[in-house]
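Participant: As a plain string of letters, each chain reads:
Number of protein chains: 2
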Amino acid sequence: MSATIPDAYLDLLKKNIFASFVTLMADGSPQVTPVWIDFDGTYFVVNSALGRMKDRNIRRDPRVALSLSDPENPYRYLEVRGRVVEITQDGADEHVNAMAKKYLGQDVYPFRQPGEERVIYRIEADRISTMG
Amino acid sequence: MSATIPDAYLDLLKKNIFASFVTLMADGSPQVTPVWIDFDGTYFVVNSALGRMKDRNIRRDPRVALSLSDPENPYRYLEVRGRVVEITQDGADEHVNAMAKKYLGQDVYPFRQPGEERVIYRIEADRISTMG
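Top to bottom, those sequences are chains C and E.
Numbering-wise, the first sequence is residues 838 to 969 according to this note's numbering.
Numbering-wise, the second sequence is residues 838 to 969 according to this note's numbering.
The hints are simulated quantities; they were obtained by calculation from the structure and are not laboratory data.
Honestly, I wouldn't trust all of these hints.
Derived DSBU-like pairs: lysine-lysine, alpha-carbon spacing no greater than 35 Å straight-line [unchecked claim]:
#1 K852/C - K852/E
#2 K938/C - K938/E
#3 K851/E - K852/C
#4 K938/E - K851/C
#5 K939/C - K939/E
#6 K852/E - K939/E
#7 K852/E - K939/C
#8 K938/C - K852/C
#9 K939/C - K851/E
#10 K939/C - K852/C
#11 K852/E - K851/C
#12 K938/E - K851/E
#13 K852/C - K939/E
#14 K938/E - K852/C
#15 K852/E - K938/E
#16 K938/C - K851/C
#17 K851/C - K939/E
#18 K851/C - K939/C
Using the sequences provided together with the hints, build the complete structure.
Facilitator: Encoded structure:
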């Protein structure tokens, strides 16, 4: 059974706030980058591209973490520990366009590189902590 | 030999920007929280308290990661992978007061709990990546 986001923190997922998203390198050491973040009501959803460091890391070890801070109050944040439970390219192009709409106000994701294949990672939260 | 911060990103460490700081749990899974961050010219410096989750995690496994994003441009960020090379309580009270000055404009750290013992973690960067 996955952890639940307290209602009082759902606003963080509706705004265009970046999440700090952590994956594990081959030697088990952590790596963190800011990412666009989505929540579908059940899973956190991150969109990346085939072959990138995050993609390779997640396929090796699905354990991830993420945090989201309120830009208006950095002492108010949501912290998630969990696992990627689904990796798929199905719908990943449409999804990255929806993310471009949320974060950039653009209908089509503008940063696509030649040959880039988008991938969706669905994350189940095992533990959610909040502060502030 | 530790990695070097490009001069063009040093401003991120002078502002009162929170870092997303990653430690590893006992089972090797990652955990991330926003923290106050300092850079002493050689090491990144984080201040926490004895017995906290971060403290316990670092003493077990010194491998950490952190990222710092420009609040005025979230596509501009600094990402660090490294190891805690020193854990000390020496100077930790003075340091947390200096951090309170940087982040809150206050001379004395105002969040101290009864019995809290502050700890400094000095982080050597093995790898620094920048974006934006």
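Participant: Would you mind marking each hint as holding or not holding in the structure?
Facilitator: Here is what the structure says about each hint:
no., hint, verdict
1, K852/C - K852/E, "holds (24 Å)"
2, K938/C - K938/E, "violated (39 Å)"
3, K851/E - K852/C, "holds (27 Å)"
4, K938/E - K851/C, "holds (32 Å)"
5, K939/C - K939/E, "holds (33 Å)"
6, K852/E - K939/E, "holds (8 Å)"
7, K852/E - K939/C, "holds (27 Å)"
8, K938/C - K852/C, "holds (12 Å)"
9, K939/C - K851/E, "holds (30 Å)"
10, K939/C - K852/C, "holds (8 Å)"
11, K852/E - K851/C, "holds (27 Å)"
12, K938/E - K851/E, "holds (12 Å)"
13, K852/C - K939/E, "holds (27 Å)"
14, K938/E - K852/C, "holds (30 Å)"
15, K852/E - K938/E, "holds (12 Å)"
16, K938/C - K851/C, "holds (12 Å)"
17, K851/C - K939/E, "holds (30 Å)"
18, K851/C - K939/C, "holds (9 Å)"
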